[in-house]
Every structure is written in C-alpha cells, then in structure tokens.
Amino acid sequence: MSVPLHFQTIAELAPQLASGRLSSIELTQAVIARTKAVEARVRAFNSYDETDAIDQAAASDARRAAGQSRGPLDGIPLGLKDVIAVDGQPLTASSKMLANFVSPYDATVTQKLKDAGAVLWGRLNCDEFAMGSSTENSAFGPTHNPWDLARTPGGSSGGSAAALSAGAAIATLGSDTGGSIRQPAALCSLVGLKPTYGLISRYGLIAYASSLDQIGPFARSTEDAAILLGAIAGHDSRDSTSFQTEIPDYRAELKTRRGPWKLGIPREYFGEGLDPEVGAAVEKAIAFYRAQGCEIREVSLPHTRYCLDTYYIIATAEASSNLARFDGIRYGHRSKDGKDVLDVYQKSRAEGFGDEVKRRIILGTYVLSSGYYDAYYLRAQKVRTLIRQDFLNAYREVDALITPTSPIPAFKLGEKSADPLTMYLCDIYTIGVNLAGLPALSLPCGFTKSGLPIGLQLIGQPFREADLLATAHAYEQAHDWHRRTPNL
Amino acid sequence: MNYEAVIGLEVHVQIKTHSKVFTRVAAGYGHPPNTLTDPVVLALPGTLPVMNKAALDAIIKAGLLLGCDIAPVCKWDRKQYFYPDSPKNYQISQYDQPMCLNGSVEIELPGAARNIMGEHKKIPLTRIHLEEDVGKLNHHATDSLVDYNRAGTPLMEIVSEPAMHTAEEAFAYLTSIRNTMIYGGISDCDMEKGQLRCDANISIRPVGETKLGTKVELKNLNSISFVRDGIAHEIKRQLAVVAAGGKLIQETRDYDGQTGTSQSLRSKEMAHDYRYFPDPDLMPVHVDEPWKQKLRAECPELPFDKQRRLLADYQIPYTITSVLIPDRELSDYFEATAKLAGPGRAQAAGNWIANDLLRELGAAKLPLSASKVSPQNLAALVQLIDAGTLLNAAAKEVFIEMFATGDTPAVIVARRGLAAAPTDAGELEQWCRDSIAANAKALAEFKAGKESAINAFKGPVMKAAKGKANPKLVDETLRRLLAATN
Amino acid sequence: MAQSPDLNIDRVAELARLALTPEEKARFSAQLGSVLHHIEELAKVDVTGVEPTAHAFPISNVWANDVARPGLSVERALINAPAQRDHMIVVPKVVE
Ligand SMILES: [Mg+2]
Ligand SMILES: [Zn+2]
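These protein sequence lines map, in sequence, to chains A, B and C.
Just so we're aligned, residue 51 is where the first sequence starts under my numbering, counting upward by one.
Just so we're aligned, residue 52 is where the second sequence starts under my numbering, counting upward by one.
Just so we're aligned, residue 6 is where the third sequence starts under my numbering, counting upward by one.
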C-alpha cells in the first residue's frame, strides 16, 4: 500500500493486524518514528513514553497471537488530550498548575480504550484547562497546524487534531465544551465528533464546564470515528449525568442507514463574519446533498445571537467552581512563598494559572457573586432553554442541520491572542450545540485557495449519532478531502 | 427591663452509611489518616460525584420521624468557600430546595424532681438538608496537617426555628434529636466522634418584643453539656453587655468548654459570598409516595411516644422509663421481659434491668447485645421471686451467675441450692411464736396499729431458718398468729 | 440585568483566591469589560415563564447502592502532595 502506515485509518490497519501482516509493534514504531520526525515543528505532545507504548503494543501482539484479540482497536496507537486521566501517566491540562501531576486513576474512556486493546500514545497539547480556540493558551507553548506551521490548529483540542493530521497517532480523543473538537477538526481537515451530552462518561475528564463538556473522537474517516465512538460510548455509574441508552453498532450502521435525509440550513449561521471561501465550500456540500435527493430546507434558530453570551456565562461560572480545587494544597503547584493558607491559595493560583484561565475564573466568579446571580447565571440558564428549544423545533422539520464549523479557516498564531472577544467569536457556530446538548460533527469539505482545510458541521438529534455519522459518511464516500495529508 | 433569650440551633448529624455520600469508598471513624480516600474524596482532577441511596433514605426517614414535609423534588447546590479541609473548595449541599421542610422536635424539660416528668413542648424546624462533611485539620506549633478520612461523610443539617429561650430547652432539643436519630438507626450521634455537632444562634430582646436582637453564632459546642453551659454563658454575657449599657455586635464566638469562656472569632477572612449554584454533576432527586411509604414502614415509634406507652401499659415509674427510653434496644428488652414475666411483674423487671443488668453491663463494658441474660431468663427470675421460691438476696447471686453463664435461673438455683427452704409448717409456726413472745414492745406497737412493727418479728424467724424461709409464708404466719394474740 | 458591568476586580479576585498584579487587574478589567458589555445583550431576551436549564437532559434519581469499595492506599492518595508528614497534607498553620 502506498499510504504510509502512520497515515492509514483504523479500518485499513485493523485487518492487517488481524491477518498478521502487520504487528502492533511495527505500527507503533512507525507512529513513534513519525512523531519524532514532526514533533519539533508541530508540538502536539505534552509528553510521551515510547517504552510504555512499545510494551502496550507487545501485549497486543501477544494477545493476538494467543487468539484473544479485542477487536479493531487492539494494537492501534491512539493519543489522548492531556485532560483525560491515565493511571500512572502525567495529566497536566497544559497548565503549570499540574506540570508535575501524575494521575493515580484511569478515566472511564481510558479504561474502555484499554479494554479494547488500544495502545495509548502520548499526552496531547491543548489550551490550558481546555479554555481557548487556538491551543496557544498552553503552558507548554502553542501547537502548530500541520497544514501551515505558522497557523493555529484550532483549539482547545489542538494537539489532538495536529497530532492526528501530522501522522503522529492513528486517531485521538479530544474534549468539546464549545467546539473544541469540531473547530480544530475543521482547521486540520479531520473528522471530529462531539457526541450527545451524556453519551460518553466524563469521569476522568478534567472538568471545564460540567454541563457542556463531552469527550469525542478525532479520526481520519467517519468509519474510524464510528469505531472509536462505539468503544467509548455507554452508561457509566461513575458519572451521574451519563445516559442509559442502547449503544448501536455505529460502524455497521454507517453502511445500512441511507438517506435521503431532510437537512436544515439555519439562516443565522450564514451571515456576517463568515469567510467567503468557507461559505462557498459549505454551499457546495449542501448542493451535493441536494443532488443526492436530500430535501434541503432553510430553518431558523432565532436565539443563535445569544449563544455566545449564554455560553460564556454558564461555562465560566461552572469553570470558576470546577477550578477551585486547584489550590496548591493536595496536589499541583504550591507557591514557595505562601505565608499562610490564604497566601498559598492566592499565590499558587496566580502562579499556576495562565491569563485566559484567570480571566474565565474572574468572569465566572463575578456572574455567580451575590447580587449578580439572577441577572447573569439564572438568566443565561433560561436563555439556554430557549436555545435548546430552537433546535428541537427545527428537528420537527428536518433530520439534521448543516452549517460551517468555523467561520474562518486556520488563523495565524498570535493573531487573536490579544483580544479575547475576537477569539471567542471563533466558536459562534459550535457553542449552540453544547448548550443544547446535541451531537455534531465536523468533516472535511474542501480547502481554501491557499491550501487551508475547511470543515462542514452536521448537527444531529440527541443520541442519534448513528444517523449523524451515516449522513457524514454519504458525503465522505463521494469526496476525498479526508484522504489528503499535509506536506510536512 | 426584662430580657428573654432567643435560640436557634443548627445541628449536624453524620449519617451512618457504609460508604460516603458522593462516592463509594468506605466511611468510618478512627482509621489511620488518609486511608479512607479515593480520587473523588480527594477531588482529583476529573472526578465526579454519585449519590448514595442509603444517605437519601436516611434523611427522608429523619424527616418522616420529625414530621417534616418531604420535598417532591430536591436538588444539589455547590456552596463555595476555600478551606484546606474542603477538597473541592466547594461543599455539595442543598440551598433553596432542601429535602425536608417544617416539622418539629418534641422536647421534655426537667421536671420538679428527678422522678417527676417535666413539661413537654414542640420546637419547630425550618429545614433538614443533606450535604457532605469535610476533612479534619490537626494543628501543630508551626503548621497544620490535613486528614481527609472524614471528608465526604454524609451529613444532615437540621435547622430549628429561633424558638428556644433557655439553655435547658436547647439541651433538651439536642437530647431529643439524638434519641430520635439513634432510634431511627440514622446515626449513633456520638458527639465525641463528631457524629453530632451543634452551632447555636443566640440573641436577646426585651420581653414582648417580636423582632430578633443582634445574633451571635456560638461554635464548637462539642459535647452535650457544653451546649447547655455554652448557651447559658452566652445569654449571661449578652445580658451583662446590655446591662452595662453596651451594644451587642453580630459575631461568631468560639466556646471553650474547659474554661467555660467564649472568644470572638476575629478571623481576617474576608466576608463570605458562597456563590451557590446548582451542581451540574448531580441530577435532582424525585421522591414519590411509594418511596416514602416504604421508609415510613421502617420508622420506629418515637422515644417520647414509647415512653408514654410504657408508663400507661406497664405502670412502671417515670424514673425507670427515663433510664430505658434513651436506649431503643434496652427499652425493647424491657418490654419483652415484662411481657414474658406476666401481669404485675413489670416494675420488678424494670428494676432488674435499670439497676442490676445495667450495672453488670457497665462493669463488663459490654453492650446490651452482648448480654447473656435473655428476656426469657430474666422473666423467669422475676417469676421465681414472686412465687417465693427465691429470696431477694439469693436472687442477686442467681442474677450474677445468669449474667456470667447465660444459664436459666432454674438451673442455677438447683445447681447452687439457693431455693427458699421448703420449711416444715410446724417448725416455722414455732419460730414465729418464739419471736412474738420475745418482743413485747413490737407486739404492743403492732396491736396499737403500727403495721410496720411486724417486720421486727421477721428477723429472728429468718435467722432461725438460716435465711431460707419463704418470706411470704413467714409474713402470713406472723399475721395469723398476731391476730390470734391478745 | 445589572445596569452596567460594574466588575469589582479586587473583590472578585479575592473571592477567586487569585493574587493579581495591578497590571493584571487593569488588563483583565478592560478585557472583561468588553466581554461583559457584549453579555449585556442577554438582557434583551424575554425569558418570562422560561424554566432554567441546569442539565442538558432531565434525568433524576441517579444514585448507587451503599456498598463500600476499596479506595486509594495512603501512598497513592498522597502521591501528588506538595508537602506531607505522618501521612497527612502539610499546610501553613491554620488559625481558626
Ligand atoms: Mg473552544
Ligand atoms: Zn452544614
């Protein structure tokens, strides 16, 4: 096969592993070699442990030799965003606060991937505590977009996107609170899925905004995304917000669920601020679906303009509370010059957190503080109800929604870091989905003239990831954007 | 001017569960430091809370026992403040939708004497909510050490209305809560182990005034007698401040039970703003009728109800009930014994339990559950005495042996030859005649109507019988002979 | 809605236990001022009679039975502790 191992999909690699033509050690070594070749330029990893990865690969090969393979993920090197706990491995959230933290437990998704036999490869960079849209807010420095190293891979799961796009992993996991999987997937030409809130356990995911966070896969194809989703989805008794629902065989359903679908175009997502090249690529994708016999309907999500404000109130409020535990007492950075406990708190947190985290903690603390709660937090929760209602109303008419994922392609590193508000606007098409708890994915739908990836967002109905993936698969089958790789 | 005190209590009760309230690591007391933790207790990054069903059952049960309205829906909120014993720097609690509202606690005030029942009243409750306990700080010369074993233990906060007026009422209130919680199996309420903790809000106001005065929060009332002493002390202090023309300030004071003094807690800590908001990690609780019904069926009779019933049904003295009632098992043991012993023998059974059984258990440092004396055997003992088969002095010996061996009294009496001697009627009559003849003074007194003078004849009879005469028979014989004597 | 975004950065930083430099206070105030200005938009939404959404999906009574399971050994529990003694976390003396 002409495609190098490190750029192949799980669906392609699994049969080779199964037949014995390829060993997990060979594959893992190929991924490690590729990582070493590109990492100095891409900087997608916060840490990795070669010996440990090879040991895992050897264990996988031994299982397979004993006839005890655990399925398509057995022996596949996967990278995890550095906000997902792996027992015995560093867990930093790309923060100085956790620079020396080693997790003494596994996240539920980690346990599930281990059960599936995956080779866990590396801790992937992100915006500090998943707060940001460019992976520039990292204590370990920014990650670079493999398609243009001067640009951001997006964020906050930028390391997960860049590593996969660069061939430094076969698939990765990220987390998405306001678009942190979908936007980097779009900016790096990958499939990125944000599942329905409650489909995947959050146990072991460092919380940013608890009512919005979901873990999800980055993959090179919808089929790989389906494989990965199947491995990590399902009810978890350790997460009270996890949903009891039947988990279908997403991979099999890809091929059996066929359109034509009724697709909605929310007019609010095609207005001011949308890059014309992005807009054109999305229009072409819509035209494709129309040509396939799908009914395309314009719909309205009237409260879209309030999504950003609602999001920043709810997310920062929850974050201000979730991040209170990082106080320098039981773990994490403790300031050397804390005179008393109050001083330890204030200095450890001042030294341990970066600017964006501090800003969000301040905003979140403010909106919850006495006298402001009703005006900000409670009101935002009510507007959230209206936003969710908009989507549910639209789903009376259509099966899914099509929008751009990001209003703009990858921007230059440093371009937006001075002004938080312009950075926040990168998420305008993605945050409504988190507020409504819906599943959505981004898939590659073209490139700008200058060669930057463009992503298409499909927004589905609660717990109907199988339909969402099938809808994306139909497009993917007829296009080859997802098969292109960056020149590195 | 005459002043009255107004007291409201916030009582924290640790719920007795196997695991913690929001994670399943074991809960417990007295374990080596930091051996009862898990990632959730330590608030490691990424961890999430999951409710403990047993803790919910327990608080609903407590609410039912205290006549509260059980909320059909309650939710969880985060109470945010930084403290080293609080791993998340927020406490999961219930802010505006607590599990229980209203209800009341029946209390009994001290009676005119130890053997007279005091006045009963009901202290209204505001609410009861569920929350999690914090860890423990151990203070040393230059630093403090934190142990998180206690962190996450289920904790019930019972908040009273400001409706008490004396330290005695507060004491009675806390006693009643403790008895009720122990009856319900909700908590052991051992204050030394921190299973029951109490803060008091105290103010004074001129009699007749309806507005509350400046409130002082008194903390660290960590034994039930400190609650009484601390509150009494604080009321006195407030009265003295006002009498001296001073002004009371709203503050928190720390009571030191050893010295009997209190001190203002002037921490430089900034004013609190708890920033309560609904915990997004936990789902609300819906309580339906079947759930409540099931728990209602498990609710025991309340201590005061039981006391009233024992007084009425068994005609035992108040003092015995006040020994029995605080201990649910002991009062159940009494009832079982009294029923087996039969009519007219309840008081004797009560006496044996309140005096002899408790004394022996105390000396052996054993709980009632470890006692070898079954209600059957104790009832049998009471019956033997009542039938005259066993004399009191001998019965004491039999009881000690019952306690040690668990044998039936009949077996012990036979083994030790302790039965009252089957005295020859003629011999007994002779001893009685001799005794009467030897004591003319007592005879004269008896004839003059002094009933108790008969006892003077009994000693010599018993002596002659070497203590083995049936006292009932002795009494009957003496009376018959006395009646026939001029 | 609050009339104007009157963010008292000193008070909020105190509550959040963040020691901020005067420069940071000025910068964050300015940056958050524009964010808060944007957020004022929410005041325009009619939310009369609208229930707040606290969770994406309304499920309730999510609990576990009271069965204790093993936790962390004390060594593992304190593996990341910045300072420990006698199996406890050391903090500067807390004055209560
Ligand atoms: Mg983002
Ligand atoms: Zn409390």
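By construction, these hints were calculated from the structure, which means they are not laboratory data.
Treat the hints with care, since some could be wrong.
Reference excerpt, derived from the structure (chain B facing chain C, CB under 10 angstroms, subset only) [claimed, not checked]: (1) K71; (2) T86; (3) L95.
Each residue gets a CB set at the ideal place from its N, CA and C atoms; glycine is no exception.
How the hints compare with the structure:
1. K71: 8 angstroms, holds
2. T86: 5 angstroms, holds
3. L95: 8 angstroms, holds
Going through the hint list in order, the structure satisfies each hint without exception.
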